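Novice: Numbering-wise (this note's numbering), the sequence shown opens with residue 49 and increments by one.
By construction, these hints were calculated from the structure, which means they are not laboratory data. These numbers were taken from a predicted model, which means no experiment stands behind them. Some hints here could point you the wrong way.
As the list claims (entries may be wrong) - Distance condition first, Cα-Cα at most 27 angstroms in a straight line; then the derived BS3-like pairs of lysine-lysine: (1) K331 with K355; (2) K311 with K251; (3) K273 with K389; (4) K269 with K331.
To be verified - Just the calculated beta-carbon pair ranges, DEER-fashion: (5) R107 with E430: 21 to 29 angstroms; (6) R107 with L394: 47 to 55 angstroms; (7) P329 with F306: 28 to 36 angstroms.
No residue lacks a Cβ here, since even glycine has one placed at the ideal position from N, Cα and C.
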Amino acid sequence: MRVILMTGKGGVGKTSVAAATGLRCAELGYRTLVLSTDPAHSLADSFDLDLGHAPKQIRPNLWGAELDALQELEGNWGAVKRYITQVLQARGLEGVQAEELAILPGMDEIFSLVRMKRHYDEGDFDVLIIDSAPTGTALRLLSLPEVGGWYMRRFYKPFQNISVALRPLVEPFFKPIVGFSLPDKEVMDAPYEFYEQIEALEKVLTDNTQTSVRLVTNPEKMVIKESLRAHAYLSLYNVATDLVVANRIIPPEVEDPFFQRWKQNQEQYRHEIHENFHPLPVKEVPLFSEEMCGLPALERLKDILYKDEDPSQVYYKETTVRVIQEQNEYSLELYLPGIPKHQIQLSKVGDELNITIGNHRRNLVLPQALAALQPAGAKMEEDYLRIRFANNTRV
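Take the sequences, apply the hints, and build the full model.
Specialist: Written out as structure tokens, the structure is:
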């Protein structure tokens, strides 16, 4: 299955691009699902059709769906939902409030990954296009396999074993005092089972022959900067970007004096997009005179974006992590475009290298050849952070 994730700053037009990409893939004969994982769904508005949690056919070979976290929780994590609801009701919340608050922060991202994994396993579609949340939330989504694995290995699994063992001993005293039971084995097992699914999906997300992110941006300073940061953070999590879509460019035929300053600024920012994202290919889309809403409008967008191309192709293959051996030393190279070295923090604990950029962190499990060595220095070379490893060297 080909997986394409569309992301970008909120309001840049990623949903329209995702929908248009789905139209072209279906036109070429691929069984295509466009799935919105953004809590603030707009995919149905883009197609101008009613969509729900289950895939709904829009036209031959094309289906659309909008993730409903509450339905996903009920269908796949029912025991946990019932337990959380029981706890909230014991604290005085009404039934409906407790049901709604059973969706804890972060669950939307977890269910998005689980839904992707299910479609991948079922194999009903050739192309899965994810209309993801804006970049910040999308990056949390893609970092979950890495970060979740760290917490599961170190904290959850030991706590799970202790909890199951102690439950029969403390339950008689616990429930009369607080009004609800301790979680049973079914409830405690559910998060780890979800983690195992997410861990399996990580291999798909980091395979640049199967999965690509496409960044949708606008020719505006703040939007470009966020897109550049997103590109670097995606590389940090070993997720490849294969295409940039520069959307809403004022066309040359617009000559109204009101837009002249806008056009001059856009010309500068268009140059920056091509230069800063090089060697990624960039597609430019004009600002349309009407809303991108409904199938006729999306058809026009599709034709401008792809013409006779197959959008399921991999436009560019990034190598985000590589290990190089030079004589008696090894180097680990990470593709971190546009990130100054002073913003990067490194530390090594056991066989893991901890990499922190801003509020994004990756715990990279080192290959065996590097696990016994210590970092001996780091420098940026052509958008790659190159970390040298050697024997008997302290950080």
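Novice: State, for the Cβ atoms of P329 and F306, whether the hinted interval 28 to 36 angstroms holds or is violated.
Specialist: Because 32 angstroms falls inside the window, the suggested range holds.
Novice: Could one say that the CB atoms of R107 and E430 fall in the range 21 to 29 angstroms?
Specialist: With Cβ atoms ~45 angstroms apart, the hint is violated.
Novice: Taking only the CA atoms, is the gap from K311 to K251 under or equal to 27 angstroms?
Specialist: Given that 27 angstroms is the threshold and the Cα spacing comes to 43 angstroms, the pair is violated.
Novice: Cβ-Cβ distance between R107 and L394: within 47 to 55 angstroms?
Specialist: Roughly 50 angstroms apart at Cβ, these two residues keep to the hinted range, so it holds.
Novice: K331 and K355: Cα distance at most 27 angstroms?
Specialist: The given pair, whose Cα atoms are some 12 angstroms apart, holds under the 27 angstroms limit.
Novice: Within 27 angstroms, alpha carbon to alpha carbon, are K269 and K331?
Specialist: holds, 18 angstroms
Novice: Given the hinted pair K273 and K389, is their Cα-Cα distance within 27 angstroms?
Specialist: holds, 17 angstroms
Going through the hint list in order, the structure does not satisfy hints 2 and 5.
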